[in-house]
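Participant: Chains as they are written, first to last, in the working numbering: chain A, 1 to 130; chain B, 131 to 502.
Any given hint could turn out to be false.
[What the hints assert, rightly or not] With a straight-line cut-off of 16 Å between C-alpha atoms, the simulated EDC-like cross-links for lysine to aspartate or glutamate are:
id	chain 1	residue 1	chain 2	residue 2
1	A	K24	A	D88
2	B	K432	A	E4
3	B	K462	B	E475
4	B	K487	A	D45
5	B	K487	A	E70
6	B	K432	A	E81
7	B	K226	A	D45
8	B	K487	A	E61
9	B	K432	A	D45
10	B	K462	A	D88
Since the hints were derived computationally from the structure, they do not count as laboratory data.
Nothing here was measured: the structure is a model prediction, and the numbers come from that model.
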Amino acid sequence: MNPEQLLYAESHEWVHVDENNGEKIATIGISAHAVEALTDLVYMDLPAVGTTVTAGEPFGEVESVKATSELYSPVDGEVTEVNATLPDNLEILGDDPYVQGWIVKVKLSSEDALGKLLDHAAYEKMCSGS
Amino acid sequence: MTSVDQLLKTPIHQWHAEHHGRMVDFAGWSMPVQYNSIMDEHHQTRNAVGLFDVSHMGRLFFSGTGIDQFLDSLTTRRVAGVDVGRIRYSLMTNEKGGILDDVLVYHLPDSEGQPFHMMVVNASNREKIVNWLNEHIPTGSDIALEDRTLSTAMIAVQGPKANAMVAGLCSVNPADLKYYTGTAAKIGDHPVILSRTGYTGEDGCELIVDSEVALDVWETLMQSAVDEGGGATGLAARDTLRLEAAMPLYGHELNEETNAAQTDLKFAINLKDRDFIGRNAIVAANENPNLPIRIGLELEGKRAARENCAIIAQGNRVGTVTSGTFAPTLQKSISMGYVDRSAAEPGTELEIDIRGKRATARVVKLPFYTRD
């Protein structure tokens with residue numbers, strides 16, 4: 001996925017929404033900026049398929065040598081898929097955070113939260129601190 | 131949180147900032163927590179040489195007569211009558227045996243061969259210890275204490291290649307010093323206090339230099355370190371290194387609520403035929419079977435327990451984690467903590483509550499890591 005076409009949460013998750021048979025499916029990952037800030041990832045805890053997630057609430061956690069960080073859901077819905085290869089291959093997040101590094105797919109129950117997300121330019125601006 | 135411009139800066143601060151140092155508030159100092167990868171910085175120290183700016187540590191120099199007796203009245207370890215050249219790790223305790231700080235007491239020759247005493251204390255405790263020392267100088271004594279933390283810098287050079295590297299730059303080869311000894315030396319024209327000490331579990335040395343020349347010494351050392359496959363190493367890797375070596379960290383394993391007797395640092399506590407503040411309380415605590423003691427734990431899985439996680443045996447809380455990390459050299463999750471004596475035997479299986487999820491852990495003998 002092209003990072004310039006994604007939406008971003010202030011908590012550094014990215015979202016790409018696809019339409020599939022009339023259902024909206026959000027693919028969620030964490031940005032290259034987040035991976036760089038975390039460094040030294042050793043562990044990731046993912047939700048089970050079927051878990052209900054709420055925008056702004058944690059759905060998993062990622063742990064680096066230094067600290068544990070929650071992963072916050074940028075959307076409302078139900079987890080339909082998780083990237084099960086990721087926890088044992090966390091280097092993927094550094095190498096390819098926007099394609100192979102996807103974390104979960106969520107069937108949206110509402111699109112309300114999408115309006116609060118940032119586009120790429122706004123997210124980059126936030127990260128550069130200006 | 132102190133605002134950034136109020137933080138103290140070491141003489142090497144600008145170098146850190148220019149070399150990707152992620153500067154954080156550490157005990158009121160702006161210090162580099164890491165430059166790039168914590169794992170890489172950890173491994174370079176275990177495999178080659180890591181350079182650490184530890185200028186935030188307090189450096190206190192003593193003058194006057196009867197200094198060793200004075201210090202001996204405040205330290206859990208005997209520091210009076212030790213040979214010139216020696217350095218001793220000790221705790222300082224209050225009347226209750228609670229730990230005020232863990233310190234190094236130096237009795238070294240200066241550049242003219244005259245012996246002097248100094249002490250290195252934790253950054254977070256510097257003011258407290260300066261006050262504690264000043265309060266306890268006997269009336270009528272000529273002992274005076276000079277805090278030279280801000281006029282000097284301290285650099286740790288740690289790792290299997292550290293001593294040979296410093297030998298090529300310094301008037302004294304650190305490998306010719308015994309462990310925990312030190313002396314006055316020179317790097318180029320710059321006078322340094324060289325000691326074979328450290329906080330990583332590796333061999334190596336530490337250098338104390340005047341602030342004005344600190345950057346010059348640092349850059350000289352850096353050039354050699356990079357040639358040896360090493361480099362600058364931040365406080366985060368210093369923490370994973372010391373944790374693998376099971377060295378306690380003040381504010382985690384050590385604090386005023388913990389009695390020195392609980393720490394499993396018997397080598398640093400000499401109770402026989404001497405008196406010091408806290409001694410009687412330590413003797414009493416040694417005989418108290420109800421006090422938790424310090425242990426090491428290896429966890430199943432890669433998830434790390436962090437400070438304050440509960441330690442559980444058969445459904446009952448038996449202790450608390452004081453430090454934990456994923457250990458880069460051991461490739462395991464390790465923790466230190468305090469548990470009831472019933473749960474402290476190596477091999478005991480316990481559980482740790484990590485943010486609501488239980489991890490299985492096993493009590494192991496400390497240290498986790500010993501170099502070959």
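Participant: Taking the hints in turn, state whether each one holds.
Facilitator: Against the structure, the hints:
1. Of the supplied pair hints, the one linking A:K24 and A:D88 is violated, its CA atoms being roughly 29 Å apart against a limit of 16 Å.
2. A hinted pair counts as satisfied when its Cα atoms are at most 16 Å apart, and B:K432 with A:E4 does not qualify at roughly 34 Å.
3. Using a Cα cut-off of 16 Å, the hinted pair B:K462 and B:E475 is violated, with the two alpha carbons roughly 20 Å apart.
4. Between B:K487 and A:D45, the direct Cα distance comes to roughly 11 Å. Compliance with the 16 Å bound is thereby established for this hinted pair.
5. Distance hint between B:K487 and A:E70 is fulfilled; the C-alpha atoms sit about 14 Å from each other, no more than 16 Å.
6. About 23 Å separates the Cα atoms of B:K432 and A:E81, which puts this hinted pair outside 16 Å; it is violated.
7. Distance hint between B:K226 and A:D45 is unfulfilled; the C-alpha atoms sit about 43 Å from each other, more than 16 Å.
8. With a C-alpha separation of about 12 Å, the suggested pair B:K487 and A:E61 falls inside the 16 Å cut-off, and the hint holds.
9. Distance hint between B:K432 and A:D45 is fulfilled; the C-alpha atoms sit about 11 Å from each other, no more than 16 Å.
10. Straight-line distance between C-alpha atoms of B:K462 and A:D88 comes to about 14 Å, which keeps the hinted pair within the 16 Å bound.
Checked against the numbered hints above, the structure breaks hints 1, 2, 3, 6, 7 and satisfies the rest.
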